[in-house]
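Chemist: Once you have looked at the hints, place chain D on chain P.
Next come the chains, spelled out residue by residue.
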Amino acid sequence: MKLKKFILICLSALSIFCLTGCWDMLDIDNRFFVGNIGLDKAEEGDKIEVTFTFPLVRKIAGGEGGSQGSGSSNIARVSTVADSLHQAIHHIAIRVSRQLFFEHTRVILLGEDLAREGFDWLINFISRNPDINRRGRILVVEGKAKDALAIKNDFETLLALYITDIFQNWTISSRFVEISIDDFMNQMYTTDGDALLPRLSVGKTDVSIGGAAVIKDYKLVGWLSEEETLGINFVMGKVRGGDLTFDEPGQHIPISFGIGKARSRIELLEAGPYPKFKIIEKVELNLTETPLEMKVDSNEKLKSLQKRVEEEVNSIILRAVNKLQKEYGVDLVGFGEYLYRHKPEIWKNYKDNWDDIFPNAEVVVETEVTIRSIGVSM
Amino acid sequence: MGNIFKNLFNKKKTEIFFERDMTPDKSKKLYKDVDENIKVFKEYLSDCDDLITREFLVGNPQTPKHRMVIFGIDGLIDKQLVQEEIMKSLMLYARQLPLEHSVGDRFFQLIKEGLLTVVEVKESDNFGEMLLAVLSGDTALFIDKMDRGLILNTRGWERRGVQEPSSEAMVRGPRDGFTETYRVNVALVRRRIKDPNLKVQTIRLGRHTRTDVGVLYIKGIANPSIVEEVLKRLNTIDIDGVLESGYIEQLIVDNWLSLFPQFRRTERPDVVAACLLEGNVVIMCDNTPFALIVPITFYSLFQSAEDYYELWYIASLLRLLRFVAAVLAISAPAFYVAMISYHPGMLPTALALSIAATREGVPFSSTVEALIMMLALEVLREAGVRLPGPIGQTIGIVGGLVVGEAAVRAGIVSPIMVIIIAINAISSFAVPNYSLAISFRLLAFVFLFLASIAGLYGILLGYLGLIAHLVTLKSFGVNYLSPIVWFDIKKMKDMVIRAPLHFMKERPEYTHPVDRQRQPDRGIRREGSGEENAEK
Numbered sequence: 001m002k003l004k005k006f007i008l009i010c011l012s013a014l015s016i017f018c019l020t021g022c023w024d025m026l027d028i029d030n031r032f033f034v035g036n037i038g039l040d041k042a043e044e045g046d047k048i049e050v051t052f053t054f055p056l057v058r059k060i061a062g063g064e065g066g067s068q069g070s071g072s073s074n075i076a077r078v079s080t081v082a083d084s085l086h087q088a089i090h091h092i093a094i095r096v097s098r099q100l101f102f103e104h105t106r107v108i109l110l111g112e113d114l115a116r117e118g119f120d121w122l123i124n125f126i127s128r129n130p131d132i133n134r135r136g137r138i139l140v141v142e143g144k145a146k147d148a149l150a151i152k153n154d155f156e157t158l159l160a161l162y163i164t165d166i167f168q169n170w171t172i173s174s175r176f177v178e179i180s181i182d183d184f185m186n187q188m189y190t191t192d193g194d195a196l197l198p199r200l201s202v203g204k205t206d207v208s209i210g211g212a213a214v215i216k217d218y219k220l221v222g223w224l225s226e227e228e229t230l231g232i233n234f235v236m237g238k239v240r241g242g243d244l245t246f247d248e249p250g251q252h253i254p255i256s257f258g259i260g261k262a263r264s265r266i267e268l269l270e271a272g273p274y275p276k277f278k279i280i281e282k283v284e285l286n287l288t289e290t291p292l293e294m295k296v297d298s299n300e301k302l303k304s305l306q307k308r309v310e311e312e313v314n315s316i317i318l319r320a321v322n323k324l325q326k327e328y329g330v331d332l333v334g335f336g337e338y339l340y341r342h343k344p345e346i347w348k349n350y351k352d353n354w355d356d357i358f359p360n361a362e363v364v365v366e367t368e369v370t371i372r373s374i375g376v377s378m
Numbered sequence: 001m002g003n004i005f006k007n008l009f010n011k012k013k014t015e016i017f018f019e020r021d022m023t024p025d026k027s028k029k030l031y032k033d034v035d036e037n038i039k040v041f042k043e044y045l046s047d048c049d050d051l052i053t054r055e056f057l058v059g060n061p062q063t064p065k066h067r068m069v070i071f072g073i074d075g076l077i078d079k080q081l082v083q084e085e086i087m088k089s090l091m092l093y094a095r096q097l098p099l100e101h102s103v104g105d106r107f108f109q110l111i112k113e114g115l116l117t118v119v120e121v122k123e124s125d126n127f128g129e130m131l132l133a134v135l136s137g138d139t140a141l142f143i144d145k146m147d148r149g150l151i152l153n154t155r156g157w158e159r160r161g162v163q164e165p166s167s168e169a170m171v172r173g174p175r176d177g178f179t180e181t182y183r184v185n186v187a188l189v190r191r192r193i194k195d196p197n198l199k200v201q202t203i204r205l206g207r208h209t210r211t212d213v214g215v216l217y218i219k220g221i222a223n224p225s226i227v228e229e230v231l232k233r234l235n236t237i238d239i240d241g242v243l244e245s246g247y248i249e250q251l252i253v254d255n256w257l258s259l260f261p262q263f264r265r266t267e268r269p270d271v272v273a274a275c276l277l278e279g280n281v282v283i284m285c286d287n288t289p290f291a292l293i294v295p296i297t298f299y300s301l302f303q304s305a306e307d308y309y310e311l312w313y314i315a316s317l318l319r320l321l322r323f324v325a326a327v328l329a330i331s332a333p334a335f336y337v338a339m340i341s342y343h344p345g346m347l348p349t350a351l352a353l354s355i356a357a358t359r360e361g362v363p364f365s366s367t368v369e370a371l372i373m374m375l376a377l378e379v380l381r382e383a384g385v386r387l388p389g390p391i392g393q394t395i396g397i398v399g400g401l402v403v404g405e406a407a408v409r410a411g412i413v414s415p416i417m418v419i420i421i422a423i424n425a426i427s428s429f430a431v432p433n434y435s436l437a438i439s440f441r442l443l444a445f446v447f448l449f450l451a452s453i454a455g456l457y458g459i460l461l462g463y464l465g466l467i468a469h470l471v472t473l474k475s476f477g478v479n480y481l482s483p484i485v486w487f488d489i490k491k492m493k494d495m496v497i498r499a500p501l502h503f504m505k506e507r508p509e510y511t512h513p514v515d516r517q518r519q520p521d522r523g524i525r526r527e528g529s530g531e532e533n534a535e536k
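Line by line, the protein sequences are chains P and D.
Just so we're aligned, residue 1 is where the first sequence starts under the working numbering, counting upward by one.
Just so we're aligned, residue 1 is where the second sequence starts under the working numbering, counting upward by one.
These are computed hints drawn from the structure, not numbers from a lab.
One thing to keep in mind: the hints can contain errors.
[As the list claims (entries may be wrong)] Derived coverage of chain P by chain D (criterion: at least 3 residues anywhere in the stretch with Cβ under 8 Å from a Cβ of chain D; other residues may be distant):
hint	region
1	202–214
2	257–267
3	358–368
[Unchecked claim] In silico DSBU-like links for lysine-lysine, alpha-carbon gap of 30 Å or less:
hint	chain 1	residue 1	chain 2	residue 2
4	D	K88	D	K145
5	P	K4	D	K112
6	P	K278	P	K343
7	P	K276	P	K343
8	D	K26	D	K39
9	D	K112	D	K28
10	D	K474	P	K2
11	D	K65	D	K29
12	D	K219	D	K493
13	P	K5	D	K112
14	P	K216	P	K47
15	P	K2	D	K65
Note that beta-carbon positions come from the ideal geometry of N, C-alpha and C, so glycine has one too.
So that you can see chain P by itself, here it is in the shape it has in the complex:
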């Protein structure tokens, strides 16, 4: 009686394994860990050129098999031309020996040509595909994504880790857009296709991330320079470090500051037919480099220096915001969102034709700079 019950329980427990569909056992050494996905516009027609790179673990291990000096790379690169990313995966799957595995995909690179044509299908693909790692990065390449994936250097064993690890230097630079795939997806859905993406420039043996790609309606519309990106980051309150350098008239070398903290606030000053915004920026700086003759040894001198920096920051921010307003006409500094959140009754009047109103909004910047540490003065 008891035994019968026991056998019954065992049988029903075993049936669970037959009934489920997720039989996805595959040993780790039978998978290719796709690290990067490069997307370019194909030469012919409407198709896209998809490039996957994945590490060859045998060579990374450096044991038998893979002699390091042989010149063959640790990283395999496979490209195909297909109608869609999904199709490309299937094209490549029949060409490689192991199963492609996307949960460790760190980087999605968008070629400039493709980005200009629009990539709303990519957003759709990522949101439908649970395999793609949402903590990865998505970048727009100045040029072709395929070329960026051909870069060879010895910084890291993996190209994907090399690119994503550059993002960790965010606190030193603040001159690019720090955004993960997850954040990007959220923003694309809330703004319906407007966002800033980091820009990747391809060098000879390395890549650099700096500046931003302006995305409007799922399309690349233009670039922001590094300084303009810094300005936008100031407004968005995303500056965590970096440096400010500018020429001082009469001095033979520029003055440099390290950025300590930066906080920003947006205020609505007037709500006429076109609103007037005020950006209040509070920046803390450390003096890092001055010409030898220049001594900061009194409060007056410090005050005048602060004043000088305030003007400089004001102009950096204003130039960046104006570029977004006049050149691209896309609200990526959060004015619309500020109104929506804090002044809903005013937002009601603007929201229908915000795209026309935003470029004509008046912007004032007020910066308060504190130089906290001036170092040792002689």
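Modeler: Just chain D now, kept in the frame of chain P:
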């Protein structure tokens, strides 16, 4: 279950002098004639070459002599004792007594009360008792013209001394361990609890072995119903022999299908004493150094005597480590296999790649690889136990280092798998209770199987099943997961955290002690006690 054994034994009935309840058959009375007695006694023990028989005459050479005979088993009796305290007394010193005047009962009393200088003397009038006594190492004395005999305690056989318990060695704590002799073991406990309330009830089990089995408890602490239940269950045992306390454990266990030990076994008298003070009942068995403690909970199997001798921080940390070790002992290989064959996306990229790199070229799937390594380890462990000490170490080195290294070099297994299996094995030995550790090692195979067919989902199912089983398990009516089932933090002072001793004012609840108070409820004795002593 008792019936099965009973029926089995009824079929081939040997001539047995003992009833089912193991008390000697008292119906066969002694004869008045000593020759008749000798004849019957020798008949019982015919073909027993280890029987020693010694006939002698007692009394003044001039007067009529009393014939006497003693029986003993060679090797079980202390010959020195028999010579000095029985034969010398009877044959030498008795001559100085006017024995010729005393006959019958008076003579018997004189011998018993005035002459024999052994510690324990018992009268008996039947063969059954005498026979059992002789077989237990006592000496039987028959006197001519008497239908009564004397049982003299002359037990003294070769025994192992009290040594450090090898299976429960510890740094801090007493070094004495139980031996194979029941009385010595009881004495070791008695030395720790000098309380008349420490009760020892001895019964004999095993139709042929007639093994002494003792039930120890402290009256006034241990719950009488548990003591009663233990005795009741012991009395149901009807088996030809009880050679180790393991026999008792398996015959009276609550759930014989369970993998988990429902008795705590220990070689340490201090552990027994501590458990008695907590209200447990202890079963001790002759011929084994292992005492059984009931009732127990799952958590008490993670306790070690040292926990209470060291500071509570250290004890708590060690407890925590043991629980972690238990989880690793059950599921380390399973978890590894699940991660690398079902969920490599959950690993950090760098780790996933390095694992993939180490597995490169390994011809087996990770499940088979784990199975090979685990089986190899079990074989090594078993071989190490069987072999004598020095060779056992060699096996450890050859098996562990040489074979492991060679297997990795040859590409049969990946180095990370070796690490995982090593962690698994070491963790299982960190569990203080050996029986539990063995159960965990077995469970590791079950979990590996589950992980190989369903990944983490399988492991989760395995743990669910395990917990469901543990919840239903009972040890002498006590829930196996006792303190945690109701989740009362006040009752969990001796679980993962071993609370400072002055917080443990009450005995654990699971034993349902009669007297719950363990320390008087008047705060921590610190300065106060010092002053009191100073005044005195």
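Chemist: Does the structure keep P:K4 and D:K112 at a Cα separation of 30 Å or less?
Modeler: 64 Å, violated
Chemist: Check, residue by residue, whether the region 202–214 of chain P contains three or more positions whose beta-carbon lies closer than 8 Å to a beta-carbon of chain D, and give the verdict.
Modeler: With 0 residues closer than 8 Å to chain D, the region 202–214 of chain P misses the three-residue bar; violated.
Chemist: Can the region 358–368 of chain P be counted as covered by chain D under the rule of three residues or more with Cβ-Cβ separation shorter than 8 Å?
Modeler: Contact hint for the region 358–368 of chain P vs chain D: violated, 0 residues under 8 Å.
Chemist: Starting from D:K65, check that the Cα of D:K29 is at most 30 Å away, please.
Modeler: 24 Å, holds
Chemist: For the pair supplied as a hint, D:K474 and P:K2, confirm whether the alpha-carbon distance does not exceed 30 Å.
Modeler: Holds, because 17 Å separates the two Cα atoms, which is no more than 30 Å.
Chemist: Closer than 8 Å, Cβ to Cβ, for at least three residues: run that test on the region 257–267 of chain P against chain D and report holds or violated.
Modeler: violated (count 0)
Chemist: Measure nothing beyond the straight line between the CA atoms of D:K219 and D:K493; if it is 30 Å or shorter, mark the hint as holding.
Modeler: Roughly 25 Å between the alpha carbons, so the hint for D:K219 and D:K493 holds.
Chemist: Do the alpha carbons of P:K276 and P:K343 lie within 30 Å of each other, as the hint requires?
Modeler: 13 Å, holds
Chemist: Given the hint that P:K278 pairs with P:K343, test it: the Cα-Cα distance must not exceed 30 Å.
Modeler: 14 Å, holds
Chemist: Tell me if the straight-line CA distance from D:K26 to D:K39 falls inside 30 Å.
Modeler: Judged against 30 Å, a Cα distance of about 18 Å means the pair holds.
Chemist: What's the verdict on P:K216 and P:K47, does the C-alpha distance respect the 30 Å limit or exceed it?
Modeler: 22 Å, holds
Chemist: Does the structure keep P:K5 and D:K112 at a Cα separation of 30 Å or less?
Modeler: Violated, because 64 Å separates the two Cα atoms, which is more than 30 Å.
In terms of the numbered hints stated before, the structure departs from hints 1, 2, 3, 5, 13 and 15, listed from lowest to highest.
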